[in-house]
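A.B. asks: With these hints in hand, go ahead and build the complete structure from the sequences.
Listed in order, the protein sequences are those of chains A and B. Just so it is clear: in the first sequence, position 52 is 52 by the working numbering, and no numbers are missing. Just so it is clear: in the second sequence, position 155 is 155 by the working numbering, and no numbers are missing.
Just so you know, the hints here were simulated from the structure itself, not pulled from any lab data. One or more hints might be untrue.
Unchecked claim - Ranges of calculated distance between the beta carbons of each label pair, as one might list FRET restraints: (1) A:Thr122 with B:Ala50: 54 to 60 angstroms; (2) A:His266 with B:Arg188: 48 to 54 angstroms; (3) B:Ala14 with A:Trp257: 42 to 48 angstroms; (4) B:Ala224 with A:Ala50: 39 to 45 angstroms; (5) A:Thr122 with B:Leu51: 40 to 46 angstroms; (6) A:Ala278 with B:Arg234: 25 to 31 angstroms; (7) B:Thr283 with A:Tyr30: 28 to 34 angstroms; (8) A:Ala278 with B:Arg276: 28 to 34 angstroms; (9) A:Arg25 with B:Glu106: 35 to 41 angstroms.
All residues carry an ideal CB built from backbone N, CA and C; glycine is no exception.
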Amino acid sequence: MIRPKPTDPAALERVQALLALALERVPPPYGEPPDLAAIAAWVEGELPPARAAEVAAFVARDPDCYRLWLDYADARALLDTESAGTAPPLLRRLTVWRGRLNAWWQTMGNRGSQLSGILAATAILLLLVSFVPSWFQDPLDRTLDRAYRAWIAAGQPPPQQWSSRLAGVTRGTRAIQDPGTDPERSAFLAGLANRVPELGTWPPRIGAHLHELPTAPLPCPANEKDCHQRQQRLRQLGEWILLLSLACADAERTGEWRTDFWAHQHPLLRDLRHRFEALACHSHYCTAIREALAADDLATLSPIAYCDLSETLLDHTYRSDLSD
Amino acid sequence: MEWYWNLETPAWEARIRRLAEPIFAAEPAVVELAIEHARQRLLEQARAGALARHNDAYLLTLLKHILIDYSKARYGYRRPPVWVQRLGRIWEAVYHLLCVLKRAPEEITVDMVKARQQRLAPADAETEADTAALIQDAIRAILRQERDCQQPKAPALISLETDTRGDAATPRPEIGQPTSEIEQVLAREDLDHLLETLRLSVLSDEEAEPDASAPQSPSVHMLANLEAFATWVRLTDQERLLLRLIYQEGLSTRAAARHLGQPERQVQRHKRRALRKIAEALTRAGLEDPLTDLALA
Chain A
1 MIRPKPTDPA ALERVQALLA LALERVPPPY GEPPDLAAIA AWVEGELPPA RAAEVAAFVA
61 RDPDCYRLWL DYADARALLD TESAGTAPPL LRRLTVWRGR LNAWWQTMGN RGSQLSGILA
121 ATAILLLLVS FVPSWFQDPL DRTLDRAYRA WIAAGQPPPQ QWSSRLAGVT RGTRAIQDPG
181 TDPERSAFLA GLANRVPELG TWPPRIGAHL HELPTAPLPC PANEKDCHQR QQRLRQLGEW
241 ILLLSLACAD AERTGEWRTD FWAHQHPLLR DLRHRFEALA CHSHYCTAIR EALAADDLAT
301 LSPIAYCDLS ETLLDHTYRS DLSD
Chain B
1 MEWYWNLETP AWEARIRRLA EPIFAAEPAV VELAIEHARQ RLLEQARAGA LARHNDAYLL
61 TLLKHILIDY SKARYGYRRP PVWVQRLGRI WEAVYHLLCV LKRAPEEITV DMVKARQQRL
121 APADAETEAD TAALIQDAIR AILRQERDCQ QPKAPALISL ETDTRGDAAT PRPEIGQPTS
181 EIEQVLARED LDHLLETLRL SVLSDEEAEP DASAPQSPSV HMLANLEAFA TWVRLTDQER
241 LLLRLIYQEG LSTRAAARHL GQPERQVQRH KRRALRKIAE ALTRAGLEDP LTDLALA
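C.D. replies: Following this line, the structure appears as structure tokens:
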């Protein structure tokens, strides 16, 4: 048998990962421990977001729940390989497309009556927004508006096709420690929510989560100096991060990085970075956000660095250890 | 007609067989008995209305648990030591086959590689050679550190009743207790076994020969660094799951992405970020080169 040499990077990674998994101090999960049925419902995306977050925390932190999840995931994989092995390739492809078409049709059917209303309301809203004098706006907000308009005008695919990127937030594995109760984090989430209606119809699973986001930041405590300013910056940052997430998901789907889009992101980053540098941050959360924006690797202007940034900021927003 | 009559169809028979054969590989004659037992138990639960869901993956998971319980009832069960548990499911399976079923190491490698190839799509598992190497590492380390493992009189097996969510003999450390004492995360003996195992995994067979001059407790020289590392390393839930799938379960990035329901590219990014985080924590704790440190321990 060929043994790995001590200089083998794969062996190094493996040892490092196993050491970390064995020694790290895992925070305790919260909520009611899930049974197999609850874990299955979580995997299938059938749980409401709050319960999904609890189950996600148990799966990631409790060894017994992790095993249940793994057994269920194995069973799904086994069924997948079974169907992949029996159906001829064309039939398999047709089955996949039929499933997608059915899901799409169902979504449209369920929402058919509401859809025209939503579309009409969105159109009216857009018209109104375009007529509102924009000189009252913060220049950063105007830049963000332009970026969203360009994104929509470029005929980007509807959200159904890149929903997988946000699946981690809805279904996934982040420990959501009720960020809605923190004035700063709620401002970031409100920023995400602000731009949601402009982008069309969302898949139900993603939509359910997005519609739970706070539409406005929580009120600042009376003794918190500069809180409103921090909230405004975090709201703007949230709006930008949603756009970045969409672009990253699009790149993952198509395998192409749209240079025209990414070329316009650096001025936005620079602007946000300056504004955060000038901000009086008192909380761990605000400081962590500022540090993430100041990271050196963003200077490379690589889209991957931007995608990492969007993930990091979402993580920070849901991480319990950044609570004050 | 009730849905559960489907369990009698050849398709379900084949599925249950795929689950049962690796579990009862040591005694193929038992496979038929086990399949019948599992099907009957599940039907009983279904008729009693005790099943929470009816989708195939859920039923298959329940069937697997029934088969494992049947195996435990037949052959007994011994919860693996904590250091083995910390290394993942493959290690636990090897421990069970070696130390409870007393199977020969060569048979274990062949059977487990075959079972993994059947269970996972070809592109999902590591290559056959990698899987075999992983299993052989586990066999070698367990035999070396659990010396009574293949003795006819192994330590007492525990019954199914005591196999709940813990083992009185080897209490599982409480998770989430912030402490500066690494022993509360992992007992010293388990930590030593774990370090020795990692050491074995990076050395050749000759290099790994027992050294009489080596310290009995490899963690002695590294304890302070490990304490610091345990303090600094902070994985997100997502990163922890991903690392477990790749490094403990031996899945490829693609299979891990499918398990997590995420795009492969995103998973690769998370993996890179997690490894970067760990490397930073190691550097901060003065363990820049754990391979060398372990080899010298």
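A.B. asks: Check each numbered hint from earlier against the structure, then list the numbers of those it violates in ascending order.
C.D. replies: Failing hint: just 1.
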